[in-house]
Amino acid sequence: MTSEKRSLYTPTSELECAEKCEKETKFTCRSFVYSTKSQICFTMHNNQKMSNLHRRNGVALYEKRIYLEDCIKGTGKDYRGTESKTRSGKTCQDWTTTFPHVPNLTHEKFPDAGLDGNFCRNPDNDPDGPWCYTTDPNVRFEFCHIHQCEEECIHCSGEDYRGHISKTASGTECQNWNLQTPHTHGYDPSNIPDKNLERNYCRNPDGEPRPWCFTTDPNKRWEHCNIPRCTTKPPQSPPGVQCLSGKGENYRGNVGITASGKTCQKWRSQEPHRHARTPENYPCKNLEENYCRNPDSEAMPWCYTIDNATRWEYCEIPSCDAPVVSVQPTKPSSLSECYESDGNTYRGSAYITVSGKKCQAWSSQTPHKHVKTPEALPKEGLEKNYCRNPDGDKSPWCYTTDPSVRWEYCNLKKCTEVPPIQQKPVQTTKAPLLPPSPDCIIGKGEDYRGTRSTTVSGHTCQAWSSQTPQEHASFTPVTHPQSGLDSNYCRNPDGDINGPWCFVTTPGTVKWEYCDISRCATAETECGKPKKKQKKCFGRIVGGCEAYQFSWPWQISLRTSFGLHFCGGSLIDQQWVLTAAHCLEKSNRPSAYKIVLGIHRENGNEPSKQIRDVERIFKEPTNADIALLKLKSPVKITDEVIPVCLPTINYVVPGKSECYVTGWGETQGSGKEGVLKEAGIPVIENKVCNSPEYLNGRVKDRELCAGVIQGGVDSCQGDSGGPLSCFDGEKYILQGVTSWGLGCAQAMRPGVYARVSTFVPWIQKTMKDN
Numbered sequence: 001m002t003s004e005k006r007s008l009y010t011p012t013s014e015l016e017c018a019e020k021c022e023k024e025t026k027f028t029c030r031s032f033v034y035s036t037k038s039q040i041c042f043t044m045h046n047n048q049k050m051s052n053l054h055r056r057n058g059v060a061l062y063e064k065r066i067y068l069e070d071c072i073k074g075t076g077k078d079y080r081g082t083e084s085k086t087r088s089g090k091t092c093q094d095w096t097t098t099f100p101h102v103p104n105l106t107h108e109k110f111p112d113a114g115l116d117g118n119f120c121r122n123p124d125n126d127p128d129g130p131w132c133y134t135t136d137p138n139v140r141f142e143f144c145h146i147h148q149c150e151e152e153c154i155h156c157s158g159e160d161y162r163g164h165i166s167k168t169a170s171g172t173e174c175q176n177w178n179l180q181t182p183h184t185h186g187y188d189p190s191n192i193p194d195k196n197l198e199r200n201y202c203r204n205p206d207g208e209p210r211p212w213c214f215t216t217d218p219n220k221r222w223e224h225c226n227i228p229r230c231t232t233k234p235p236q237s238p239p240g241v242q243c244l245s246g247k248g249e250n251y252r253g254n255v256g257i258t259a260s261g262k263t264c265q266k267w268r269s270q271e272p273h274r275h276a277r278t279p280e281n282y283p284c285k286n287l288e289e290n291y292c293r294n295p296d297s298e299a300m301p302w303c304y305t306i307d308n309a310t311r312w313e314y315c316e317i318p319s320c321d322a323p324v325v326s327v328q329p330t331k332p333s334s335l336s337e338c339y340e341s342d343g344n345t346y347r348g349s350a351y352i353t354v355s356g357k358k359c360q361a362w363s364s365q366t367p368h369k370h371v372k373t374p375e376a377l378p379k380e381g382l383e384k385n386y387c388r389n390p391d392g393d394k395s396p397w398c399y400t401t402d403p404s405v406r407w408e409y410c411n412l413k414k415c416t417e418v419p420p421i422q423q424k425p426v427q428t429t430k431a432p433l434l435p436p437s438p439d440c441i442i443g444k445g446e447d448y449r450g451t452r453s454t455t456v457s458g459h460t461c462q463a464w465s466s467q468t469p470q471e472h473a474s475f476t477p478v479t480h481p482q483s484g485l486d487s488n489y490c491r492n493p494d495g496d497i498n499g500p501w502c503f504v505t506t507p508g509t510v511k512w513e514y515c516d517i518s519r520c521a522t523a524e525t526e527c528g529k530p531k532k533k534q535k536k537c538f539g540r541i542v543g544g545c546e547a548y549q550f551s552w553p554w555q556i557s558l559r560t561s562f563g564l565h566f567c568g569g570s571l572i573d574q575q576w577v578l579t580a581a582h583c584l585e586k587s588n589r590p591s592a593y594k595i596v597l598g599i600h601r602e603n604g605n606e607p608s609k610q611i612r613d614v615e616r617i618f619k620e621p622t623n624a625d626i627a628l629l630k631l632k633s634p635v636k637i638t639d640e641v642i643p644v645c646l647p648t649i650n651y652v653v654p655g656k657s658e659c660y661v662t663g664w665g666e667t668q669g670s671g672k673e674g675v676l677k678e679a680g681i682p683v684i685e686n687k688v689c690n691s692p693e694y695l696n697g698r699v700k701d702r703e704l705c706a707g708v709i710q711g712g713v714d715s716c717q718g719d720s721g722g723p724l725s726c727f728d729g730e731k732y733i734l735q736g737v738t739s740w741g742l743g744c745a746q747a748m749r750p751g752v753y754a755r756v757s758t759f760v761p762w763i764q765k766t767m768k769d770n
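Mapping of the sequence shown onto UniProt numbering: position 119 corresponds to residue 119, and the numbering continues sequentially without gaps.
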């Protein structure tokens, strides 16, 4: 921490600790931490926005909401946030100092104005908002760049609107964001917590001209809301740059040509392409002339083109960052779903914690404020909401999307873990023995009865019946007779989400610590969990990214009775395959088809190869492009042949989720013919995919889009019926069946897949009845 302003108390509850913070007289108390096990309370002057408050095991951090504000109401007289830079980027001078400027507005004159630190404030209620004296001797003061907390009016395109209007422009009631009826969608509040998708309030999470919502009218999927523009001045935008930084949203250069050399269309013009990205709809985005801009949070600046055949393209803008001289290659092991050592090199895509909670994105500050951001720790691989270990903890962890649980360890195991050998219990005549307890844990480890008695840092555990050196009364064999508090063994009497722990025998250090006990391995093979390592390349099927052998063990080859491959499919059970209905158009006779599994090469003859005949064909009864094949005999589950998991009913994959499509299909002369290929592609939300820029209303609710909009990455002929597999943090889920597309790997023409979650009831009933 950067400040010594803190006080130590020993209350008996979080409530008492909060009262100490409220009554603190030594400093302004912005936050406090409380440890249930240690019963220690620290009241603190700092919060997460001011300094790096380190996470500690078993310690809860509470922060006063008023000091976390990042927007102002009206003139911002009541603003108590921690912005400390001016609009031009100058650092603010501390209000209590007299250098380089002697202030005439001080804490003594304005005791209730929050004039502490060097934070932007508005003690004199200036109509232009919060300001500060600067540390530049030549500039006495400047105003700060702080957004308005928009309520029942909007600035710009309403990206920051947080009001309570919940009806569309036509008067239709909005659908709750966390519901999937009457319209399914990918805007789940838990997946994009920074967009503030509360209840059924109008919001703008995706760069529309103004806030919108899905409607409760089954015949109208979504509509804009009629929210008036604010009469106050919009916040001044950050200084524009002439190079590419981040997504280029602040790019204000004069490039007016796309990456392929096409001239950009003027933003005010509707010829040759009609559009809604006009200066009037996006008043704060500097849509001047025909210069490349990024008004709607695309991947980088873009523009409409004057080419009738090309609606829009990205622009090639030079980066603001210095070129990287050398890049260390990522270790192959870092891509796996296990971690080595303490997991600081783990770069997998798991995002589920030990208790099953989803991780919060590292770039998000909702629901938990923190300083471990990709910008602050650029070398720690803080991508999306993937589990990482940026601070040298015992294993990968993340902040959670549960507001009541700040962080948890992730549900990952060490790459070197080996299931322990279970010894047979020695029989005695005194009493029957309990089943043997291996030295590993299941779940939170509440039933762990092993003999581990050392903590993660090497401290010896204190006997639970002892009160020396750590005095405690909460966890003894008497208070918890069913918790196995024998001797000094690691236990979990309070159901701690991070597993067994103990008080330590080392005085003067920590009072308690967790124990490093591995998770028990399960013997049975689970769906969606490959036994072979995966490449996971966001490369291309069209282009030839060869998969590691047998790393997608549910991939099948659908063949003619003569053995010719023509479609793909997915093994979902020992005797059932899911594929596309259009793959079966030539014949309804099961004898016309064969299923081949456990191969890497299309024409290979590996020892793991299995061939099965088809017994029955079941096409989806409403003519959706999905079909079930029942095999004449069950397949043998091996390391090379494993079924994929089905999704929950009507689950909608969030937009931008990274999924993988696999197959032996057409590579259009790019090489790697005849071997299984894979491509990582992002999902595109149907609302976006159906816009004029993409597939212009062709995609149905029971379909989903996925693809790289620049083109070059896609499924193609021969991949039809194959899987679109998405990792959920623990296993792969079959979210899509390759269905159709407008060409292969063309720009702005993503592939379309049958949305498997829509058909789960039909799949389950068909399998049960047959």
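It cannot be assumed that every hint is accurate.
To be verified - In the BS3-like style, the derived pairs of lysine-lysine whose C-alpha atoms are separated by at most 25 Å in a straight line are: (1) K511 x K529; (2) K233 x K90; (3) K768 x K529; (4) K358 x K529; (5) K220 x K247; (6) K384 x K90; (7) K533 x K414; (8) K656 x K285; (9) K444 x K37; (10) K619 x K384; (11) K220 x K195; (12) K73 x K285; (13) K765 x K632; (14) K247 x K379; (15) K532 x K511; (16) K656 x K630; (17) K195 x K768; (18) K266 x K73; (19) K379 x K619; (20) K285 x K85; (21) K195 x K687; (22) K90 x K26; (23) K609 x K384; (24) K26 x K5; (25) K285 x K414; (26) K195 x K358; (27) K529 x K233; (28) K594 x K619; (29) K37 x K77; (30) K656 x K535; (31) K636 x K765; (32) K220 x K700; (33) K413 x K532; (34) K414 x K384; (35) K195 x K26; (36) K37 x K247; (37) K535 x K594.
Keep in mind that the hints were calculated from the coordinates and are not lab data.
Hints the structure fails to honour: Of the numbered hints given earlier, those the structure breaks are 1, 5, 6, 10, 15, 16, 17, 18, 19, 22, 23, 25, 27, 29, 35, 36, 37, listed in rising order.
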